[in-house]
Structure formats: structure tokens, C-alpha cells
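Protein sequences appear in the order of chains B and U.
For the first sequence, the residue numbers in the working numbering are 44 to 298.
For the second sequence, the residue numbers in the working numbering are 936 to 1219.
It should be emphasised that the hints constitute simulated quantities derived from the structure, not laboratory data.
There's no promise every hint is true.
Some residues of chain B that are not near chain U, with every Cβ distance over 12 Å (derived) [to be verified]: (1) E90; (2) D95; (3) A100; (4) L107; (5) R167; (6) L170; (7) D195; (8) F251.
Chain U regions said to be covered by chain B (calculated; three or more residues, Cβ under 8 Å) [what the hints assert, rightly or not]: (9) 939-946; (10) 965-977; (11) 1019-1031; (12) 1054-1067; (13) 1098-1104; (14) 1148-1160.
Because the structure is a prediction, the values reported are computed rather than measured.
Each residue gets a CB set at the ideal place from its N, CA and C atoms; glycine is no exception.
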Amino acid sequence: MRVLSWLYLALAYVFVFLPVAVLVAFSFQDGRLPVPPFKGVSFRWYEKVLGDGDLMAALGHSFLVAVVSSLIALVLGFLAAHALARVALPGSALMRGVLIAPMTVSYLIVALGLLNLFNLTGVRLSLWTAGIGHVVINLPLCFAILYAAMGDHQKNAERAARDLGAAEWQVLALVSAPMLAMPLAAAFFLSVTFSWDEFIIAFLLTRFDVTLPVEIWSMLKSGLSPATNAVGSLVFLVSVTLVILLEILVFRRAK
Amino acid sequence: MTLKAREHRLGWGLVAPALLWTGAFFALPFLAMLALSFARMEGRQIVPALDPGNYTRFLTDPTLFGALLNSLEITVLVTALSVVLAWPLAAIIAFRVPARWQRLALLLAVLPFWTSYVVRSYAWLLVLGQNGVVNRGLMAVGAIAEPLEISATRTATVIGFVHFFVMLLTLTIYANLIQLSPNYARAAADLGAGRWQTFRHVILPLTLPGVVTGAFLTFVLCIGDYITPQILGGNSELTVPQLIMLQLGRSGNFPLASALSVVLMAVVTLAYFACGRWLRLDRV
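In isolation and in its complexed conformation, chain U is listed as follows (with noise of 0.2 Å):
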């Protein structure tokens, strides 16, 4: 045998187990969930078929397709806001404290982060809800008479979206920024370029894979999240995860959460071919 061929066989016998678990477990079961898409329900027993009934049904039912809507606008909101949000802090981080405290301020800013996200939701409600923080302090103030409507609302998931997504974004931008050398900056102030120009024409467009690759995993993250609308959006409105879990739960119609999965699915690729050309997940 050739050192080549050798070399080819060492190569595929230390790649296949990775790709074997990975078929295995994340290739085949998806291939399982399209097709189990296409079965119907008759009373509780699932019957394989290929009927497109389920995707009509979600065409056609106005919850379903509302529950999609919502999910949509909420990931929008929460990833513009998170951007907004994140893009001064992690500049500031990057360009304002000095050196040899950077890493210990951004290591603070993103310490919450690792939280139990069960627990991060649950903390927010204490925050957020009737008798919460907020209302029981601004009621001590005399700034309101009666507790804010904020748990149990879309505002409240936003709320508790934001604040996770702030600071996975500041990571993923700080990474970016810092990684940028001054003489950008300074050959356009040498060119002429005012703050506001550098900052339009020069830095913001150098930061665009930092924020882009934030951004695609924030929306990735919160549009698949059952847990923060669950817990702090209650009932009031239902986001596609909290429908593909009633599937599940009340009837056991594992055919339409398949088929709402495979549509929760082809949204995030919709995504990612959007933000393509930026992207660098190999690189995070």
C-alpha cells in the first residue's frame, strides 16, 4: 500500500466516528421527522402516509401560522435590540477601558451568562412580575398606583431574550473589535474622515462578521427557545417551540410537531443563506 492510500485509511478511520454519531443521531432522526411530518393521526395512532396535511393545516389554522408570526417578531425585535445594545457596550469594553482590565470587564458583563437558563427566566419574573422588584419599587416611589402588566406579556420575553442575547452578542463583537488595529482609524483621520465618518465608512463595516455571526446565533437560539416564552410570556401568546411542546404534551400528535419543526427549521436556513456571506461559525 501507498503511504498515500495509508495515510487515506488513518484519515477516515479518525474521522468516521464523529460522522458515524453525527449520522446517526442528528442526520437520521431529521430524516425520521420529515417523514413523520407527512403521517396522519386517526384518534391516538400514528399512521404513515404522505399526506402534506399537516403543512396545510398550518397554512391554513390561524394559530399555527400565528404562533410563527410571533415567533418571527419576536426574534427580529430581540436581535435588532440585542445589537443596538451590545454593539456601544462592547466598544466601550474594546476601546475605553484600559488594557489590563478588559478581560475582567468583560468577563463580568458576560458572567450571568452562565446561568442555568431555567433559573435566568425565573429570576427575570421575580424582577418583572406583579409583586416583582420593579413594580413594588416604583409603587415605593409613588411613581405608579397599581403594578405594571409586565409578566406574563411579550415585553417580558423580549426583556428576558435581551438580556441573554446582550451578552453573547458583546462577546462575539469585543472578539471583533479588538481584533482591528488602530491605523484603520487613524489613516482615515489622516484621509479626513470626521469621528462620525470613520465610524460609519471604517469600523461599523470591519465589525459586520462579529455581528453578523452574533446575530445569526441569536436568532438561531431565541426562535428555537421554548423556555423564556414559557416562563415569562405565559400563555398570552404562543411562540412555535411552546406549540411543537403542546403537540407533544396534550395529544401526542408527533406528526404536526414534526412538521412544525421541519418549518421552524427551513426559517433558520432561510437565515443563514441570508447572512452567508458574513458568517464565520468556524471561527467563533
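Here chain B stands alone, though its shape is the one from the complex (with noise of 0.2 Å):
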């Protein structure tokens, strides 16, 4: 059983990093095709995609996206866990699923929507209405985040705040927010690397300025590139980073 066990979780590991280990180790290939027989060692699709002035534009375009659409999503969704937290309202569980709708439903679904609502409205498309879908996908999520982690010795620090005569929004800015910082943090953090790696929302909601995944999309259509794989590391890099801090930064802290 205990052999098995092993086993299995090697089997695992193998099944999970194949795909990573073949896209990280080709992306060194010195050839023209990421494929085998490998060749040797090289840095030259580093060198290319590193001197690729649209895939850096993208870079550039998808690091302000997940940015600011975070911001939004964090800040949105932080007034409104404090609100359904906070003060009992009518019709709370009802605000609270309405919040929560966005994601059971496709992220296709989101960005046809809102395409369908742009086209009526007349509004063009640029890296803001990309932004605006990934606000409503990263929303939810934040919300639920921030909702689950407020708790009630939090209400009683607030309270004692007020009747000290601050004002709604210190509590808010100077109470409520820094005893969240952890959850915040880690709602934030989520929220860009969903928003770096999203795909189909910034495709159809973009047109002259576009995000990574868009631009490696376009990539792919003229077939297998070792460039590609290098791109694909890069980005993988920028992802595992990322989770990294934030393993670091949020979790071992929360212990």
C-alpha cells in the first residue's frame, strides 16, 4: 500500500510537469522546431522574443489589465463584503448569489455578452473593455474572498472605532482594511493571474491593442516555434513567481 502510495504520487508528478518540463526544455532548442531530436543548448529564442517589440507591447498591455482590473475588483468587492457583512439588509442572500452568478457561468459567455453590448452601444473596443470582463470575472471572486474572511472580533474593532468618532470611511481605510490585509492581499494577487492569463475575454474584446495570451495566440497560428516555448516559459516564470509570493507573503504569515 505504502510502495503504491509513492508510486502513484511519482506517477502524478510526472503526468503533471511533462508538458512544462518539454515547453521550458525546448525553448533552449538550437533548431527551428521544438520537437526532438534536441539539438543543443541555445539562448537565441530568448534573445528573439525578448527583442519582439509587439510581444513586449503585449507584456506591457497585459501587466496594466491585470492590474487595474484587480484594483477595481478588489476595492468593489471589498465594500460590498463589508456592506453584506456588516448591516443586515433585505434581500442580502439574494445581493450575495447576484454577486456570486458570474462565476458559474462560461468566461465565452461574459465576453459575448459584453461584445453583443458594446457593438449596440457603440462603444470601441480597447484594452479598457478587456479590463471591464475581467472585472466581472475577477469580482466574484474577491467578494467571496473577503466575505468568508470577515469575521467578528473585526465588527467589534469597528464599533469601537466609530464610537471613538471616526468617520464611515476611516473605518473603512484605517480599521476595517488593515486587519484584512492577508485575504486582501491574496484576492489581489488571484485576481492578477487570472487576469494575465485570461484568453477569450481579452480575444474578442480587444482589437489593435492586445494582451500576452492574445499575441502568443497569434503565435501559434504559423505552427510550432521554439520562440513560442520561450515565451510560454517566460510567462510561466512571471505565473509561478507570483504563486510563489503569494505562498509566501499570505500562507506561511497566516500560520
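The two chains are supplied separately, each in an independent frame; assemble them into the complex guided by the hints.
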């Protein structure tokens, strides 16, 4: 039983890491195709990718959209979670349901709905329209994380602040938010990672300036190339760095 | 104004921005999509109408209805395979790996979850393709003479999906398993249950919320995904998202694309009610 367990674990790791290992290994391919045989180590694909103006612009766009849309989702989610956790509003169960609802809908449908709306109202597609879509998908996530994190001992501190004469915005900014620093950071980092990776909304809702996943998609159309491996490896590196930061900053300290 | 009324006004003020955003950019577009699904195409022109034609076309055109069947078959297969593969993985990490290594073991097991999903499908193409690692490897050891046709088939799509969702389900099931007190298993053993009975009647039912939550997320994300079937399955068979994208691109047939989206959403809603009892979305 014990041996079988370890064997299963080992096989699972192989399965999980196989595509990533192949991706990274062949990003160093000294040849034109990222498939066996491996012809030697070369950094030229990384040079090519880092010198590619379109790709670097897309990288900047992705970063901008991810940070701005996550900040908006975080603020909206925080205010709503605070209201629904603290004030007994009529219909609060329904409102929670409405705020969580986008989580249960495919990104493609969110994107198509917004595309219809923007077409109808004559709004031109840009990074901003994609950012609006990213707020829609990340708001439920931020709301759910923060709502779950609001406990009673924070309630008492907030009441104390109010008794001492703090205005409501001061309570929110100086008392509630700092006490929720960890869940706020977790919600923000998760949103950034999802937005950074998101393809279909960005694909349908941007036009001239595009984000990185969309740029990578257009690279794929010209077939297999070690350059795509190089970009993919770099994107993976960024995501992994974010996840490890999250692990160290949020979960380690939470213990 | 009473204290309660002031509190209420404040509460509404705080929840309003999020509700307005969700209303304007999620609910409203969805209603517009619903309305558009009953519109007609005349040439390349969209004519507002109350025409159920897109839905009858969906039900009668074998390509359109077939796409839904493909999507459902793939999604059900992927969900089942992912649960069966992820449960033991989560259990091994929760019960066999020493406590201080568990977080690391889990983090490692789901690390590729964070690769860009376009890139992840592309990476599987490198593994499964005609000249890919699997084919070259098998040919090198003489197991096969001709490369296997894996990419551009349903098998490739399923492998790509299962890879992703095993990681997702491992997370949700693990989260559920470590919350279980060891006393349940001890109590079952004291009452004379064997290991299999303990597993079947005690541990497995207690992990149902984690399994169902993960399975539902798998279902939703899998049935709505365009990238994986497009990159790995090629055009050998179409899924609903691929069909929707085709309508948008080639013919600009937004009404039909909207109708297909409504169908997709109806299927997901049915799945939601099917899992409703055990679903804990607000506690992911």
C-alpha cells in the first residue's frame, strides 16, 4: 500500500510536469523545431522574443490590464463584502447570489455578452473594454474571499473606532482594511494571475492593442516554434513567481 | 434619521457599486444576448425579431446539435476521469506525506496549474504531436513503427483537459480531506469497520462537498473552453465554444452565436441544480 502510494505520487508528478518540462527544455532548442531530437542549448529564441516589439508591448498591456482590473475588483468586492457582512440588509442572500453568479458562467459567454453590448452602444474595443470583462470575472472571486474572511472580532474593533469618532471611510480605510491585509493580498494576487492568463475575453474585447495570451495565440497560428516555447516559459516564470510570493507573503504568515 | 436607517443607507451605498457593475456588465449583456438570440440574419444584417429559428435550427441541424453532444461527452468523461485520478492524489498528500512537507507537495502538484492556459495546450501539442516526445520516445524504444495519431483527436483534448482539472480537483479535495478529524476513521474502526468499509461509508461521503464543488467547476470550465479543443482537438470534431467562435468569425452571425451561448448556459444551470445540495461555491 505504502509503496503503491509513493509510486502513484511519482507518476502524478510526471504527468503534471511533463508538458511544462518539454516546453521549457525545447525553448533552448538550437534548431527550428521544438520537438526531438534535441540539438543543443541556445538562448537565441529568448533573444528573439525579448527583442520582439509586439510581444513586449503585449506584455505591458497584460500587466496594465491585470493590475488595474484587479484593483477595481478588489475595491468593489471589499466594499460589498463589508456591507453584506456588517449590515443586515433586506435581500442580502439574493445580493450575495447576484455577486457570485458570474463565477458559474463560462468566460466565453461573459465575453460574448459584453461584445454584444459594446457593439450595440458603439463603444470601441480597447484594452479598457477587456479590463471591464476582467473585473466582471474577478469581482465574484474577490467578494467571496473577503466575505468569508470578515469575522466578529473585526466588528468590535470597527465599533470601537466609530465610538471614538472615526468617520465611516476612516473605519474602512484605517481599521477594516488593515485587519484584512492577508485576504486582501490573496484576492488581489489571485485576480492578477487570472487576468494575466485570461484569453477569450481579451481576444474578443480588444482590437489593436492586445494582451499577451492573445499575442501568443497569433504566434501559434504560424505553427510550432521554439520562440513560442520561450515566451511560454517566461509567462510560466512570472505566474510561478506570483504564486510563490503569495505563498510566502500570505500563507506562511497566516500560520 | 434613526441609527438603523443610517446603517441601511450606508450598507446600500457600499454594496451599490459592485451590484451596478455586475448589473451593467453581466446581467444586462446577458439579457441583450437572450434578446439577440431571437433575432434574424438577413444577408449580413441583424434584424431584431422574435424568431425562435436559431433554436429550431440548433435542434434540427446535426452539426449544431452534434457539437453539444461532443461537448457533453468530453466534459462528462473529463470530469469523471479527473475526479478518479485526483482523489487518490489528494488523499496521498493529505495522509501519507509528512505534515511539514504537505504544503510543498501540494504546491508542486498544482504548480503547472498556473501556466498560461494557451501555453499549456500548446505544450501538450509538443508532447502528443506527430513528431512529439511521446511518439519519438515510443519509436526510439521500438514500441511502435509509425507515429500514433494522438493530436487532432478527442484523446488529445481529453488529456489536455484532465491534466488541468486533476490539479484543480486535487486542491478542492485536499482542502476537504485535511479538515476531517482522524476521529471519524478511529470511531469507524472501533465499531468494527474494515479499511474498505471506513473508506466507503465514512471518508468518501465526508469528502463529497469537495468532490462536487471541484466537479462542478470542472464541468463549467470544461464545457465552456475554446482553447483546449481548438489547439489539441483541431477541427476533427467541433465543441459548442468552437462553433460559437466560428459564427462570430466567419459569418458574423451574432444571433446564432447568442442562441448557442444561451443553450450552453442552460446546460450549466442544469448541472448547477443537479449538484446544488453539496455545492459550496462561497467557500472555495
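Taking the hints in turn, this is what the structure says about them:
{"no.": "1", "hint": "E90", "in the structure": "19 Å, holds"}
{"no.": "2", "hint": "D95", "in the structure": "16 Å, holds"}
{"no.": "3", "hint": "A100", "in the structure": "17 Å, holds"}
{"no.": "4", "hint": "L107", "in the structure": "17 Å, holds"}
{"no.": "5", "hint": "R167", "in the structure": "16 Å, holds"}
{"no.": "6", "hint": "L170", "in the structure": "15 Å, holds"}
{"no.": "7", "hint": "D195", "in the structure": "17 Å, holds"}
{"no.": "8", "hint": "F251", "in the structure": "18 Å, holds"}
{"no.": "9", "hint": "939-946", "in the structure": "holds (count 4)"}
{"no.": "10", "hint": "965-977", "in the structure": "holds (count 4)"}
{"no.": "11", "hint": "1019-1031", "in the structure": "holds (count 6)"}
{"no.": "12", "hint": "1054-1067", "in the structure": "holds (count 11)"}
{"no.": "13", "hint": "1098-1104", "in the structure": "holds (count 3)"}
{"no.": "14", "hint": "1148-1160", "in the structure": "holds (count 5)"}
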